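Novice: The residues making up each chain are set out below.
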Amino acid sequence: MTEPTKNGMKCADFDSRLADALDGLDGVMSGAELEAFRAHAESCSDCGPLFTQAESGKDWLRSLAVVEPPANLVHNILARTSMIDPAMAPALATRQASDSWLARARDFASPVLTPVLGFMAQPRLAMTAAMAFFSVALVMNLAGVHVSDLKNVDLRPSAITTNASLRYNQTTARVVKYYENIRFVYELESRMKELKKDSGKPSDQDQNQNNDRKQQHDRDNTTRNPETNHNENYSFEKGQDVIAVLKLERSASLDGRQI
Amino acid sequence: MAITAEESQQTASLIKRCLGGDAAAWEEIVRSHNRRIYNICYRFTGSQDDAEDLTQEVFIRIYRTLKSYDLERGAFTTWVTTMTRNLLVDHFRKSKQDRVTDSMDASPSGEEDAPTLGDQIKDDKPTPDATVATKETQVLVQQALQKLSPELREAVILRDIQDMDYRDIAAALKVPEGTVKSRINRGRTELGRILSRNYRQVN
Ligand SMILES: [Zn+2]
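Top line first, the protein sequences correspond to chains S and R.
Residue 98 in the working numbering sits at position 98 of the first sequence, with consecutive numbering throughout.
Residue 101 in the working numbering sits at position 101 of the second sequence, with consecutive numbering throughout.
Check the hints yourself; a few may be wrong.
Distance condition first, Cα-Cα at most 25 angstroms in a straight line; then the derived SDA-like pairs of lysine to any residue [as the list claims (entries may be wrong)]:
{"id": "1", "chain 1": "R", "residue 1": "K135", "chain 2": "S", "residue 2": "K10"}
{"id": "2", "chain 1": "S", "residue 1": "K10", "chain 2": "R", "residue 2": "R193"}
{"id": "3", "chain 1": "S", "residue 1": "K10", "chain 2": "R", "residue 2": "E177"}
{"id": "4", "chain 1": "R", "residue 1": "K96", "chain 2": "R", "residue 2": "V30"}
{"id": "5", "chain 1": "R", "residue 1": "K96", "chain 2": "R", "residue 2": "D165"}
Label-pair restraints from in silico Cβ distances [what the hints assert, rightly or not]:
{"id": "6", "chain 1": "R", "residue 1": "Q9", "chain 2": "S", "residue 2": "S43", "range": "44 to 54 angstroms"}
{"id": "7", "chain 1": "R", "residue 1": "D90", "chain 2": "S", "residue 2": "E33", "range": "37 to 47 angstroms"}
{"id": "8", "chain 1": "R", "residue 1": "T134", "chain 2": "S", "residue 2": "A71", "range": "17 to 27 angstroms"}
{"id": "9", "chain 1": "R", "residue 1": "R31", "chain 2": "S", "residue 2": "E35", "range": "22 to 32 angstroms"}
{"id": "10", "chain 1": "S", "residue 1": "S43", "chain 2": "R", "residue 2": "E6", "range": "42 to 52 angstroms"}
{"id": "11", "chain 1": "R", "residue 1": "S196", "chain 2": "S", "residue 2": "M83", "range": "43 to 53 angstroms"}
{"id": "12", "chain 1": "R", "residue 1": "P176", "chain 2": "S", "residue 2": "S43", "range": "28 to 38 angstroms"}
{"id": "13", "chain 1": "R", "residue 1": "Q138", "chain 2": "S", "residue 2": "T52", "range": "19 to 29 angstroms"}
{"id": "14", "chain 1": "R", "residue 1": "R31", "chain 2": "S", "residue 2": "R62", "range": "21 to 31 angstroms"}
{"id": "15", "chain 1": "R", "residue 1": "Q10", "chain 2": "S", "residue 2": "V66", "range": "14 to 24 angstroms"}
Hint data in this document are derived by calculation from the structure and do not stem from the laboratory.
Quantities reported herein were computed from a predicted structural model and do not represent experimental measurements.
Glycine included, each C-beta is placed from N, C-alpha and C at the ideal position.
Turn these sequences into a full structure, and let the hints steer you where they fit.
Specialist: The structure is reproduced here in C-alpha cells:
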C-alpha cells in the first residue's frame, strides 16, 4: 500500500480504521473521522475496493444462521465426561471425600430419614439409632447390597437422574455397580415406606416406648428455641415409629449372622 | 460480549458447585455452552462430524481443567473460547496432511483450482424457492470461509458470527487488539473477494 494522503487520511490509517468504521463499536470513531474515512474510500483506488470487499464479507458472515447441534450432543458429552479417570479430574472426583455419604443420604431421604438422624443427634439415643440404622444396612447386606457402594453414589434426587444419564454409557462393570447403587436407594426407600406402614399399627409395647421417648425428648428440648422446637417435635414424632420398628429389625437380623 | 456482574456471579457459583461435585451444575455448564462451541467448531471446520467430535473434546478439556479457571482473570466464556480455539488449531495442524479426505471444501482432485464453488453450486438443480436459495448461499459462504487461513477464519468467526468485541477476541486468542482488527479486516476482505467472484458465476 502506498503512503499518499487523500482527504486528510493515509492509506495505512485507513486500513487500521477499517474494522472500527465497519463495526462502529461504542462510537470508537467520531463523526468527523468517519467522514474522512468515507471520503478516502471514495477517492482512493486502493482503499475503495478494500472497503467494499470488507463490507460485503462482513455482511456475508452475518447472514450465516446459527447451526443446531445434534440432539444427542449434550448426552454424549455427559457420558464421556462421566467416564473420565477420576485421577485426571481431581476436583470433580474427590467430592465424596469432603461430602460424607451420610450427609448426602440425609439430603436424599430427608422426608423419611431426617427424623431418624435428628434423633441420632441426641447422644443418649444415638447409639440405639446407630444400631438400628446399622441393622438396616445388615438387612441390605444380606440382600446382596453393600453399604460401601454408597460412597460412590450421589444420593441427591437431582443428581440421581443426572447420574442415570451420566453413567448410561459406562462399562459393564460400572453399569452393574451403578444399578446396585440405585437398587440400594430404592431398597432403602421401599424399606422405609414399609417401616412407616408397619408403624401405622404399632403394638402396645411400641406405644409405651413412644410415650417414654416423647417425655425424654420434651425434657431435652427445654433449652432449645421454641421455633425449631416445634419443627423438631413434629419430625421427631414421625421418626419415632421408624426407630421403634428399626429396633425390631435389628434383633431379627442379629440372629442372622455377623456384627 | 458484555458480561454483567449478575451473570458472572451465576457462573461463579455454578463452577463452585461443579467443583464441589455437583453433577447437575456440570450439566448446566454443558447445556449453556454446547451450542456456542458447536457453532464455532462447525464454522471453523465446515464439518458437522468434526464439530461434534471437537465439541466433545472441548468439554472433556474443560472438565479436566475447570479447577484452573481463575474468575479474576476473565470471563468464563472467554476461557471456554480459548480452549475451543486451541483445539481447533491442533485439529487444523493434524488434519493438514489429510485435508483431502476430511475436509468438505477440498475438491475431489485435491487441487486448489479444480471445480470452483460456483461450478459446484451450478451443478445442483436450481430452484426458485427462497429458503433453498438461502441454504445454497449458506453453503457458499461456509465454503468460502474454509478457504481463509485459520488465523483469519477464527477472527471473523468470533467477530461476525459470535459477535464478540475486539477486547474479548484479543483475550481469547491471546494477541493484541490491533492484530485482531487487522485479521478481521483481512478475513472480511478476502471472504468478500472470494464470494463476489463466485456469486457472479452463480447468478
Ligand atoms: Zn488509500
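Novice: Against each hint, give a clear statement of whether it holds in the structure.
Specialist: Here is what the structure says about each hint:
Straight-line distance between C-alpha atoms of R/K135 and S/K10 comes to about 40 angstroms, which puts the hinted pair past the 25 angstroms bound. Distance hint between S/K10 and R/R193 is fulfilled; the C-alpha atoms sit about 23 angstroms from each other, no more than 25 angstroms. Pair hint S/K10 plus R/E177 holds up; C-alpha atoms about 21 angstroms apart against a cutoff of 25 angstroms. Our distance criterion of 25 angstroms between C-alpha atoms is broken by R/K96 and R/V30, whose separation comes to about 29 angstroms.
Our distance criterion of 25 angstroms between C-alpha atoms is broken by R/K96 and R/D165, whose separation comes to about 29 angstroms. In this structure the hint that R/Q9 and S/S43 lie 44 to 54 angstroms apart at CB holds, the actual value being about 51 angstroms. Separation of R/D90 from S/E33 is about 40 angstroms and conforms to the stated range, judged on CB atoms against 37 to 47 angstroms. Hint check: R/T134 to S/A71, Cβ distance near 23 angstroms, so the stated range 17 to 27 angstroms holds.
Range check, R/R31 to S/E35: Cβ separation about 47 angstroms, and the 22 to 32 angstroms hint is violated. At roughly 48 angstroms, the beta-carbon separation of S/S43 and R/E6 lies within the given 42 to 52 angstroms, and the hint holds. As the Cβ distance of R/S196 to S/M83 is approximately 48 angstroms, the hint placing it in 43 to 53 angstroms holds. At about 30 angstroms, the beta-carbon gap between R/P176 and S/S43 stays in the expected band of 28 to 38 angstroms.
Separation of R/Q138 from S/T52 is about 22 angstroms and conforms to the stated range, judged on CB atoms against 19 to 29 angstroms. At about 26 angstroms, the beta-carbon gap between R/R31 and S/R62 stays in the expected band of 21 to 31 angstroms. R/Q10 and S/V66 have their C-beta atoms about 22 angstroms apart, which keeps the hinted 14 to 24 angstroms range intact.
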